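K.L.:
What follows is each chain in one-letter form.
4 protein chains.
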Amino acid sequence: MVKVGIVGATGYTGVELLRVLVNHPQAEVVAVTSRSEAGVKVSDYFPSLRGRLELTFTDPTFDELSHCDVVFFATPHGVAQAQVPELISRGVRVIDLSADFRIRDVALWEKWYNQPHGCPDLVDMAVYGLPERNREQIANAKLIACPGCYPTATQMAFLPLIEAGLVDTQSLIANAASGVSGAGRQGKIDNLFAEISDSFKAYGVSGHRHLPEIEQGLNDALPQGEKVSLTFVPHLLPIIRGIHVTAYAKLRDTSVDLQALFESRYANEPFVDVLPKGSCPQTRTVKGTNLCRIAVARPQERDTVVVMSVIDNLAKGASTQAIQNFNIMFGLPEGQGLEQVALFP
Amino acid sequence: MVKVGIVGATGYTGVELLRVLVNHPQAEVVAVTSRSEAGVKVSDYFPSLRGRLELTFTDPTFDELSHCDVVFFATPHGVAQAQVPELISRGVRVIDLSADFRIRDVALWEKWYNQPHGCPDLVDMAVYGLPERNREQIANAKLIACPGCYPTATQMAFLPLIEAGLVDTQSLIANAASGVSGAGRQGKIDNLFAEISDSFKAYGVSGHRHLPEIEQGLNDALPQGEKVSLTFVPHLLPIIRGIHVTAYAKLRDTSVDLQALFESRYANEPFVDVLPKGSCPQTRTVKGTNLCRIAVARPQERDTVVVMSVIDNLAKGASTQAIQNFNIMFGLPEGQGLEQVALFP
Amino acid sequence: MVKVGIVGATGYTGVELLRVLVNHPQAEVVAVTSRSEAGVKVSDYFPSLRGRLELTFTDPTFDELSHCDVVFFATPHGVAQAQVPELISRGVRVIDLSADFRIRDVALWEKWYNQPHGCPDLVDMAVYGLPERNREQIANAKLIACPGCYPTATQMAFLPLIEAGLVDTQSLIANAASGVSGAGRQGKIDNLFAEISDSFKAYGVSGHRHLPEIEQGLNDALPQGEKVSLTFVPHLLPIIRGIHVTAYAKLRDTSVDLQALFESRYANEPFVDVLPKGSCPQTRTVKGTNLCRIAVARPQERDTVVVMSVIDNLAKGASTQAIQNFNIMFGLPEGQGLEQVALFP
Amino acid sequence: MVKVGIVGATGYTGVELLRVLVNHPQAEVVAVTSRSEAGVKVSDYFPSLRGRLELTFTDPTFDELSHCDVVFFATPHGVAQAQVPELISRGVRVIDLSADFRIRDVALWEKWYNQPHGCPDLVDMAVYGLPERNREQIANAKLIACPGCYPTATQMAFLPLIEAGLVDTQSLIANAASGVSGAGRQGKIDNLFAEISDSFKAYGVSGHRHLPEIEQGLNDALPQGEKVSLTFVPHLLPIIRGIHVTAYAKLRDTSVDLQALFESRYANEPFVDVLPKGSCPQTRTVKGTNLCRIAVARPQERDTVVVMSVIDNLAKGASTQAIQNFNIMFGLPEGQGLEQVALFP
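Residue numbers (my numbering), protein chains in the order written: chain A, 1 to 345; chain B, 1 to 345; chain C, 1 to 345; chain D, 1 to 345.
Pulled out of the complex, with its shape left as it was, chain A reads as follows (with noise of 0.2 Å):
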């Protein structure tokens, strides 16, 4: 059994690491941090976990978490750069949810997160947690930077066409759709019901932080020195989990078969799904599980591909990718704990 710490395990993306933890045969949750609910039990917090977990909150100690093999952070950015080196120097491996060591370009996240990067020296050390391309240099990462919710579902879109040369990078589009849960679990009055419900809008048009994590992924997968320009809008939608990306590019080669190309670049990963030609995915077909589900189109036969791509932003677009992480990073089954199939309806 591998022994389990997860940091910030108050918000959306903690308890559902613990949601899959606890039926995970090979790890064992061992410590679950919260400095405010600390002396709370786990399942008074969240009654869905009643009768499944024993444990109660606990501040987050150094001398703690380093009796776990893994500490997951499921915290805002900026607490993982603050708390990660001691726990790597103890020889504590981590999966950190945040955006904390997403982005290589120390300086850029400076920019995009509008305060001093907290860890620079460990950034070169990160893995980026996408499996779908990184996953051998994940199997011996200390540490995991997983990706962002939108980043996962966008690059998804983008990839095949991208590593085939397929498509003008200088004008990309990724008009994107969220759940409200990737808005984390406080009280701001923008994210009430009453604000949410039976209403849809854009948001961030002039800028959301996924967007210089979708650009980073992307131009890794162009020639050394080359770079995509990318118009990403996300919109919020009235659902709890879910994301949807409709992704638009230019194709320079009207000719290449684009189902069997999607098929074959994902024919070996286990949670990616391409949807047979004419087929448009729905979220609430992912909706707890890890897996991407993708459909590509070109619309009246023109010269411009449209490529859907969904997935749980709370799951693959975070704590389920994070366990495909760990099961990778311990030699487990690379699915173990992630057999879930999406309630319908």
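In case anyone wonders, no lab produced these hints; they're calculated from the structure. Careful, some of the hints might be misleading.
Identical copies go unnamed one by one, so any copy, or any two together, can satisfy a pair.
To be verified - Below are the DSS-like pairs computed for lysine-lysine, each with C-alpha atoms no more than 25 Å apart in a straight line:
id	residue 1	residue 2
1	K227	K111
2	K250	K227
3	K277	K250
4	K3	K142
5	K250	K142
6	K188	K277
Keep in mind that this is a model prediction, so the values were computed, not measured.
Fit chains B, C and D to the known structure of chain A by using the hints.
P.N.:
Just chains B, C and D, lined up with the frame of chain A:
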């Protein structure tokens, strides 16, 4: 492995059976029938099952179904009555999720369902599949009549009070509310998103078919010959899954410790969770699970007791309760395949 | 034109007042106050009002408000108690949407609201603004205490029965459910979309502040000295607006024509609509309107009567009822400005 | 008073016409037809209209409809084509909300609607009822072809850019999302609450009937003979009403003040509201109104312009736009009857 067949798997309770059974370590689904979809791959019809089930819908025939150890009927009422006798005679055990064998008084069934009963001879053989009442008979049953969704939640709320003789049985009130999936997967205008969303209503006030089933179940807990009188008002919630029953009864004795009574009654029940005093159960905490969560209160210390009971109408109210019965019937651990934790949020 | 001021217009009842008043032919909104948003243009804060209101939020001062003919308080409890005396002394009439002056028994108010009453001297002057009970006193009132949302819907359901002496007053049950906007516009985790959507729960079972208000209103319809005993259980609906009360009472006499009783009681009420026998009211049919729709039934012809009553909690349950009071107070047609038909769907 | 008839009033656009017309000071609804509901009182069928409309549905006959000054068709495509010629010949003006007369190229219509056009002779007489383009022709029209919902919102987004010749017309992208009411009031499984709620998907990616209508409208704003090429991807939102279009285009010139361009283009349009720079429109702010709210942005100061445009699909996207046309046709104030403010929340 127990060989399982499912009749009528294109509806919501059918696909819910499949969701759980594809991960059940002791069940092998070998036949999935549907007249309308025969020849269609199940996972094409239900994309949530892509990659998890290779079966194709077939026409229901006795020859195919008779190779099964057990057949689940997830059909509208009337269907099981026509097919069960032949299956039983061939040695196949049957778990019927429909209302066909729930009511022991055939005339009463015919009155409420407004049609002749197609198989009155087998009514006595059927065991009412509420494990919290009939666990022992279930183990040996050839034919299980799975309880309805409202009846499950309502009986759970009243049984401790009725069994203990604590309340006036002539003024019981069950104010119940169900998610829309309870209405099944049929193209009715009344159940369109645009009709249901952002609204709430009662329905069936003059009489709902679950009333005689609930009264029968409660009568069984009374001394021979006594009968309850229940006012049952169902309401339609703009949620997909979930039933919430708010049960009201007049106490004959206000000195009893109601919290202790409920905790004691359900102490050994693996799927009933009595919440701490002062709690109110939320339907979301049982979604996709076989749990019934219950809380009891006595407002203003007056003589009316209020019990709140929640289940997932498609799970403990239908398909996972059927699988709980299945586990009991085949000598498997009662909770096998039913370990899933509800999504939060 | 009647000059109107609104104190505390940044909440949901405040903007609901504005929605209606900008189209009211006899009302001129001249002051809209908010401490936190002073200086902000109202239509910047509420984009639904763009192009319809040029006012800016101001700090609440007596000098400004004393130029008004009437001031609406759309504030949390406690605020009106502090400011109303000065306004009344300056000849300004007050319509208070908060709970400050609803309970005539000051000690009872202090017990339920857990604070000293700030203005006990004016409690006797306040008229409880339920036109269906107090139309004449409202016409001459200087201070209106607008009924709460649950109390409005619940009293409408019970009053015909209580006034006629038809039911046992010691076992009344009101099973109520409200949309989330009833909780106000505050950043609380419990009211986030991700917490409320696709779920349902009871709350405040041990005691809700609207209970003494409802009991006071029903007691007023009893012979002097008699008192009702009500079990009141509120629930939280995943809808924005709407209250549904399902009221239960034991009939002393089952020979009465309940349908005729309700139709007769409300025959002259412009905003109460008694539905035909066999109907169930839907909350959506009253959304944004001042209507209360009601249906009455006697299930199984037994001795329990069931009344279903729906209102919009922000409209007839708060702001449009306040405007109905306003119309009566200023001698205007009672329905002026309140002609809107609910959206369907 | 103008005498109004409505054909096909049992659908969502029909009842939306009625909602507004019962409060319109210059319109008198004299005939409401429906084959299936003939003889039923309209307010029994639509309880939101109880007390506001005394009419009964009648069978559609020319004799009855020819007493009207104007007849609205709120019917599926194909119906108006069959009935309009006779009405026009009897001097009745027609406002058709269906797609029957929107496409001037009859062969194109027949291809997309997959049936022969029933009335090609009148196509040239029809005026496309988008007041922001065709106000003058509308005033004198005998036959109005009301724009579709997606086409209204999409043209509003692109027109200022196209008319000014500012963008590459060969790479236009409209990522659109609609509430479910756009699918009409038919009992289809796909539109059940349990299928739509808490999920999101694209649909019709390979080709949606609104594409040729939008392209026709944009072509009309180009120099003679030029044509746009648009990629149009509609999505289905779990909301009742509302359309949100996110339009993308490549700028030929990045020096233009886009905010000023949009404000200037719509300065005199009573129902188009250009939001301040940096805003994102929300669908809820236009619900039940005739408004189109628009914002324009240029993310990262790159060369892609993003326009967000919201309408209510049943209002400005159908019925209230039809009434705006009606007002213009009969010389009434353009906004008469359309003053309603959207509910908030």
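K.L.:
If you test the structure against every hint from before, which numbers come out violated?
P.N.:
The structure conflicts with hint 5 only, although it agrees with all the remaining ones.
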